[in-house]
Amino acid sequence: IAGITQAPTSQILAAGRRMTLRCTQDMRHNAMYWYRQDLGLGLRLIHYSNTAGTTGKGEVPDGYSVSRANTDDFPLTLASAVPSQTSVYFCASSAWHRTGELFFGEGSRLTVL
Amino acid sequence: KNEVEQSPQNLTAQEGEFITINCSYSVGISALHWLQQHPGGGIVSLFMLSSGKKKHGRLIATINIQEKHSSLHITASHPRDSAVYICALVPNTGNQFYFGTGTSLTVIP
Numbered sequence: 001i002a003g004i005t006q007a008p009t010s011q012i013l014a015a016g017r018r019m020t021l022r023c024t025q026d027m028r029h030n031a032m033y034w035y036r037q038d039l040g041l042g043l044r045l046i047h048y049s050n051t052a053g054t055t056g057k058g059e060v061p062d063g064y065s066v067s068r069a070n071t072d073d074f075p076l077t078l079a080s081a082v083p084s085q086t087s088v089y090f091c092a093s094s095a096w097h098r099t100g101e102l103f104f105g106e107g108s109r110l111t112v113l
Numbered sequence: 114k115n116e117v118e119q120s121p122q123n124l125t126a127q128e129g130e131f132i133t134i135n136c137s138y139s140v141g142i143s144a145l146h147w148l149q150q151h152p153g154g155g156i157v158s159l160f161m162l163s164s165g166k167k168k169h170g171r172l173i174a175t176i177n178i179q180e181k182h183s184s185l186h187i188t189a190s191h192p193r194d195s196a197v198y199i200c201a202l203v204p205n206t207g208n209q210f211y212f213g214t215g216t217s218l219t220v221i222p
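Quick note, the sequences are listed as chains A and B, same order. Take the first sequence: its position 107, counting from 1, is numbered 107 in the numbering used here, and each next residue is one higher. Take the second sequence: its position 54, counting from 1, is numbered 167 in the numbering used here, and each next residue is one higher.
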């Protein structure tokens with residue numbers, strides 16, 4: 001079934017550890033996004049990519065990095081996790097940046113202790 | 114900052130009722146999305162619209178660009194409609210979407 005796959009679905013992590021959340025889509029979408037969802041705050045954009053090879057910062061990029069080596073994959077890395085990064089992370093894609101329907105992954109619940 | 118406001122925050126309805134969820138915003142936009150998030154977390158796109166009205170089954174979305182307002186209507190509501198409904202803006206400038214904090218809908222049998 002076409003769509004977006006995120007991994008892991010859930011992770012508990014010690015503060016200071018490095019963590020990579022994986023995101024893969026098979027729809028050949030150009031644009032991909034990483035959001036975090038926190039209670040009462042709604043979805044907030046961390047990083048985005050208009051097309052393979054390019055990335056950009058969103059609203060809350062500090063402490064996170066991304067790469068877009070190819071069309072399908074858009075991993076999100078926490079270089080040194082902190083408790084404030086405890087959140088639910090969603091990867092999303094659309095055919096073109098800022099246009100087209102948004103498709104979301106199932107989310108990755110991350111707890112940093 | 115509150116570029117997008119949704120109302121109500123919480124809504125409880127009896128099965129069969131007509132439901133309206135509102136989204137007001139303060140920036141110029143090129144499009145607006147309505148999203149649905151069920152308990153358990155998955156997010157699904159319901160509509161993307163830039164003008165007028167769209168209908169899909171029992172769901173209707175409208176937008177008034179001049180008044181900076183959109184509504185999501187659910188006709189003949191059903192318990193399976195229970196979810197959080199999120200409004201998301203595509204502003205005319207910049208690279209970000211702006212998301213509302215969502216309306217939590219519970220439909221009671």
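Hints in this document: simulated from the structure, not taken from any laboratory. A few of these clues could be false.
Pair ranges (Cβ atoms, derived) [unchecked claim]:
| hint | chain 1 | residue 1 | chain 2 | residue 2 | range |
| --- | --- | --- | --- | --- | --- |
| 1 | B | His182 | A | Ser65 | 35 to 43 Å |
| 2 | B | Pro152 | A | Ala52 | 12 to 20 Å |
| 3 | B | Asn135 | A | Ala14 | 19 to 27 Å |
| 4 | A | Gly16 | B | His169 | 24 to 32 Å |
| 5 | B | Arg193 | A | Val82 | 32 to 40 Å |
Capping the alpha-carbon separation at 20 Å, the derived lysine to any residue pairs in SDA-like fashion look like this [what the hints assert, rightly or not]:
| hint | chain 1 | residue 1 | chain 2 | residue 2 |
| --- | --- | --- | --- | --- |
| 6 | B | Lys181 | A | Thr9 |
| 7 | B | Lys167 | A | Glu101 |
| 8 | B | Lys167 | A | Thr99 |
| 9 | A | Lys57 | B | Pro204 |
| 10 | B | Lys166 | A | Lys57 |
Glycine included, C-beta positions come from ideal geometry on N, C-alpha and C.
Verification of the hints:
no. : hint                           : result
1   : B:His182 - A:Ser65: 35 to 43 Å : holds (38 Å)
2   : B:Pro152 - A:Ala52: 12 to 20 Å : violated (35 Å)
3   : B:Asn135 - A:Ala14: 19 to 27 Å : violated (43 Å)
4   : A:Gly16 - B:His169: 24 to 32 Å : violated (47 Å)
5   : B:Arg193 - A:Val82: 32 to 40 Å : holds (39 Å)
6   : B:Lys181 - A:Thr9              : violated (37 Å)
7   : B:Lys167 - A:Glu101            : holds (14 Å)
8   : B:Lys167 - A:Thr99             : holds (17 Å)
9   : A:Lys57 - B:Pro204             : holds (16 Å)
10  : B:Lys166 - A:Lys57             : violated (33 Å)
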